[in-house]
Amino acid sequence: MFGVIHKIHGAKLSPATQTVMVVAYEKDLNVDLIMCNFAAAEHKSAAWLEVHPFGQVPYLEEDDFKLYESRAISRYLATKYADQGTKLLPDPADLKAMALVDQFISVEMSNFFPSARGITREAIFAPRLGGKTDPVALEKYQSDLKAKLDGFERILAKQNYLGGKEIGLADLYCLALGTRTESAFPDIFNDPAKPNVARWWNAISTRPSWKRVLEETK
Amino acid sequence: MSESQSILKLYGTDRSTCCQRVKVVAYEKELDLSLEAVDMMGKEHKQDAYLAKQPFGQIPYLDDNGFTLFQSRAICRYIAMKYPNQGTKLLPDASDIKAVSIFEQAINIEQADFDPNASGLTMQKLFLPMRGGKTDEEQLKKHVDGLRMKLDGFERILSKQKYLSGDEISLADLFALPYGTKVEICYPDFFHDSSRPNVRRWWDAISNRQSWKRVLVEAE
Numbered sequence: 001m002f003g004v005i006h007k008i009h010g011a012k013l014s015p016a017t018q019t020v021m022v023v024a025y026e027k028d029l030n031v032d033l034i035m036c037n038f039a040a041a042e043h044k045s046a047a048w049l050e051v052h053p054f055g056q057v058p059y060l061e062e063d064d065f066k067l068y069e070s071r072a073i074s075r076y077l078a079t080k081y082a083d084q085g086t087k088l089l090p091d092p093a094d095l096k097a098m099a100l101v102d103q104f105i106s107v108e109m110s111n112f113f114p115s116a117r118g119i120t121r122e123a124i125f126a127p128r129l130g131g132k133t134d135p136v137a138l139e140k141y142q143s144d145l146k147a148k149l150d151g152f153e154r155i156l157a158k159q160n161y162l163g164g165k166e167i168g169l170a171d172l173y174c175l176a177l178g179t180r181t182e183s184a185f186p187d188i189f190n191d192p193a194k195p196n197v198a199r200w201w202n203a204i205s206t207r208p209s210w211k212r213v214l215e216e217t218k
Numbered sequence: 001m002s003e004s005q006s007i008l009k010l011y012g013t014d015r016s017t018c019c020q021r022v023k024v025v026a027y028e029k030e031l032d033l034s035l036e037a038v039d040m041m042g043k044e045h046k047q048d049a050y051l052a053k054q055p056f057g058q059i060p061y062l063d064d065n066g067f068t069l070f071q072s073r074a075i076c077r078y079i080a081m082k083y084p085n086q087g088t089k090l091l092p093d094a095s096d097i098k099a100v101s102i103f104e105q106a107i108n109i110e111q112a113d114f115d116p117n118a119s120g121l122t123m124q125k126l127f128l129p130m131r132g133g134k135t136d137e138e139q140l141k142k143h144v145d146g147l148r149m150k151l152d153g154f155e156r157i158l159s160k161q162k163y164l165s166g167d168e169i170s171l172a173d174l175f176a177l178p179y180g181t182k183v184e185i186c187y188p189d190f191f192h193d194s195s196r197p198n199v200r201r202w203w204d205a206i207s208n209r210q211s212w213k214r215v216l217v218e219a220e
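Sequence lines, in order, name chains X and L. The opening residue of the first sequence carries number 1 in my numbering; numbering runs sequentially from there. The opening residue of the second sequence carries number 1 in my numbering; numbering runs sequentially from there.
It is possible that some hints are incorrect.
[Stated by the list, open to error] Below, computed lysine-lysine pairings styled on DSS-like, alpha-carbon distance capped at 30 angstroms:
| hint | chain 1 | residue 1 | chain 2 | residue 2 |
| --- | --- | --- | --- | --- |
| 1 | X | K44 | L | K141 |
| 2 | L | K134 | X | K140 |
| 3 | X | K158 | L | K150 |
| 4 | X | K80 | L | K82 |
| 5 | X | K44 | L | K98 |
| 6 | X | K7 | L | K98 |
| 7 | L | K142 | X | K132 |
| 8 | L | K141 | X | K158 |
| 9 | X | K165 | L | K53 |
| 10 | L | K142 | X | K96 |
| 11 | L | K182 | X | K148 |
| 12 | L | K53 | L | K182 |
| 13 | X | K87 | X | K211 |
| 14 | X | K7 | L | K150 |
| 15 | X | K146 | L | K43 |
| 16 | X | K140 | L | K43 |
| 17 | L | K141 | X | K140 |
| 18 | L | K162 | L | K89 |
| 19 | L | K43 | L | K125 |
| 20 | L | K182 | X | K146 |
| 21 | X | K66 | L | K160 |
| 22 | X | K158 | L | K182 |
| 23 | X | K12 | L | K182 |
| 24 | L | K125 | L | K182 |
Hints are computed from structural coordinates only; laboratory data are not their basis.
The whole structure should be built from the sequences, with the hints applied where relevant.
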């Protein structure tokens, strides 16, 4: 492993923070997780907003360079450390391969994230933060996700991962909210009508890097 | 059309927001697109032949000489990468890893911090009533309030630089045009709030570009 420590300002319970961590670990990087003081609303302070204009976590700090948006941080680490750890990006000169990476990252953002996040909010965050689950909304998010997983089944019937033959960034981006979704609906990725989704979910969710993230963010 | 350009076929419609996103980028890059109409009314996009190209049954997808690609933002990035030396420069230099990461940050800002509320608002206020459905006023308010809060973040960014990824326009700014325009149709002064002068400046700059005006004319 490289000696450089990558400072991630974030939170253990933050799915976006876990996303950056799993990518860092796939790339054999050391991470120093600096906890944001949510109780004191540190993420809404003037100092935080100077760095992260939307008042969110995480952000990466490297000397005087700061970067936010978990997928931008992840992509930056995957690019900078292309030559170590798991290969997560193709040669940038391969336009078609790069286009397919962008296609599947966009698939995650628009066809997985919205309903997985909705499920997470209603089933996990709302009760935890003293609010109430809206059962109608939760049901809608669940049926939305199931419909989207039909699309995933079509894709994964032709290739092992969203990243193609091997795991890629788009697959890793599904882990944080996918794990929370599975805790709310244990069979959602294990539908016999979608055997390739089941195969894929099992492969990505059992990776040592993800197990390590879950252990460290308990 | 430049001599070396292969025919780019875009399967979709002139009125679809996601097709418009690809069109505006193609026009900024001085490219011709051949729009191949998809029969939405006839549910062509839900048939097996279509699903083999776009597995979620959505429009658009691109066919570049047999190479097919879906997700409008991925299509836009592909054509910007493929034709770097013509039209407007919309991507940073690949060798400048910090500029690239700030560009990725801006791309994510549009898709994560603008699109969800802008498209949600559009669905409630415009698309649902158009399709004979009813606006859910509570959902609409959530999206309106949510987008306003996000625009406070945009104001912070745009008070320091002209566009989302720096002082030059990039794909990230153009990506906001289709739903931003719908928001403006629903709420004409949404981007002209006096508390956000830099959002106003940015919105006026991008929405008045010739490329976008051409896309709107073609959607009439």
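Do the hints match the structure? See the list:
Proposed proximity of K44 of chain X and K141 of chain L is supported: the alpha carbons are some 23 angstroms apart, at most 30 angstroms. Distance hint between K134 of chain L and K140 of chain X is fulfilled; the C-alpha atoms sit about 17 angstroms from each other, no more than 30 angstroms. Proximity of K158 of chain X to K150 of chain L is assessed by CA-CA distance (about 38 angstroms); at most 30 angstroms being required, the pair is judged violated. Restraint check for K80 of chain X and K82 of chain L: satisfied, since their Cα atoms lie roughly 22 angstroms apart, inside the 30 angstroms limit.
For the hint linking K44 of chain X to K98 of chain L, the alpha-carbon distance of about 26 angstroms falls within 30 angstroms, and the restraint holds. As the CA atoms of K7 of chain X and K98 of chain L are separated by approximately 17 angstroms, the hinted pair is consistent with the 30 angstroms bound. In summary, the hint linking K142 of chain L to K132 of chain X is supported, as the alpha carbons are separated by about 17 angstroms, within the 30 angstroms threshold. For the suggested pair K141 of chain L and K158 of chain X, the alpha carbons sit about 41 angstroms apart, so the restraint of at most 30 angstroms is broken.
This hinted pair checks out: K165 of chain X and K53 of chain L have alpha carbons roughly 19 angstroms apart, not beyond 30 angstroms. Restraint check: the Cα-Cα separation between K142 of chain L and K96 of chain X comes to about 39 angstroms, which exceeds 30 angstroms; the hinted pair is violated. A C-alpha spacing of about 25 angstroms is found between K182 of chain L and K148 of chain X, which places the hinted pair at or below 30 angstroms, so the restraint holds. For the hint linking K53 of chain L to K182 of chain L, the alpha-carbon distance of about 28 angstroms falls within 30 angstroms, and the restraint holds.
With a C-alpha separation of about 19 angstroms, the suggested pair K87 of chain X and K211 of chain X falls inside the 30 angstroms cut-off, and the hint holds. The suggested pairing of K7 of chain X with K150 of chain L holds, with an alpha-carbon distance near 26 angstroms, which does not exceed 30 angstroms. A C-alpha spacing of about 20 angstroms is found between K146 of chain X and K43 of chain L, which places the hinted pair at or below 30 angstroms, so the restraint holds. Only pairs whose Cα atoms come within 30 angstroms are accepted, and K140 of chain X paired with K43 of chain L is accepted, the gap being roughly 23 angstroms.
Taking the CA atoms of K141 of chain L and K140 of chain X, the gap is near 19 angstroms; set against the 30 angstroms cutoff, the hint holds. Distance check on the hinted pair: K162 of chain L and K89 of chain L sit about 15 angstroms apart at the alpha-carbon level, within 30 angstroms; holds. With a CA separation close to 24 angstroms, the supplied pair K43 of chain L and K125 of chain L stays within the 30 angstroms bound. A C-alpha spacing of about 29 angstroms is found between K182 of chain L and K146 of chain X, which places the hinted pair at or below 30 angstroms, so the restraint holds.
For the proposed pair K66 of chain X and K160 of chain L, the alpha carbon gap of about 15 angstroms is at most 30 angstroms, so the pair holds. A C-alpha spacing of about 37 angstroms is found between K158 of chain X and K182 of chain L, which places the hinted pair above 30 angstroms, so the restraint is violated. A hinted pair counts as satisfied when its Cα atoms are at most 30 angstroms apart, and K12 of chain X with K182 of chain L does not qualify at roughly 38 angstroms. The hinted pair formed by K125 of chain L and K182 of chain L meets the criterion: a straight-line CA distance of about 9 angstroms does not exceed 30 angstroms.
Hint check: violations occur at hints 3, 8, 10, 22, 23; the rest are consistent with the structure.
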